[in-house]
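Can you make the complete structure from the sequences, with help from the hints?
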Amino acid sequence: MIGDSMELEELIKKVTLKDLRTEAKKHGIPTACRTKIDIAKDIPRKALEKLVSK
Numbered sequence: 001m002i003g004d005s006m007e008l009e010e011l012i013k014k015v016t017l018k019d020l021r022t023e024a025k026k027h028g029i030p031t032a033c034r035t036k037i038d039i040a041k042d043i044p045r046k047a048l049e050k051l052v053s054k
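Going by this note's numbering, 10 is the number at position 10 of the sequence shown; the sequence numbering is gapless.
Derived from the structure by calculation, the hints contain no laboratory data. Owing to the predicted nature of the structure, the values given are computational and were not obtained by experimental measurement. Just so you know, not all the hints are guaranteed correct.
[Claimed, not checked] With a straight-line cut-off of 30 Å between C-alpha atoms, the simulated BS3-like cross-links for lysine-lysine are:
(1) Lys26 with Lys14
(2) Lys14 with Lys54
(3) Lys36 with Lys54
Okay, structure coming up:
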């Protein structure tokens, strides 16, 4: 679990909050009053990896 959160933190450093919010809205995930890490935890892993590869 700790390794996953460290890896997740590395991934979100490469993505903007605007891009994360846009992707979250596509998946029906609320984004108000949430941090990048909170949003990233709820987004499907493949979608997050796709954002990073942009």
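A quick look at each hint next to the structure:
no., hint, in the structure
1, Lys26 with Lys14, "20 Å, holds"
2, Lys14 with Lys54, "10 Å, holds"
3, Lys36 with Lys54, "17 Å, holds"
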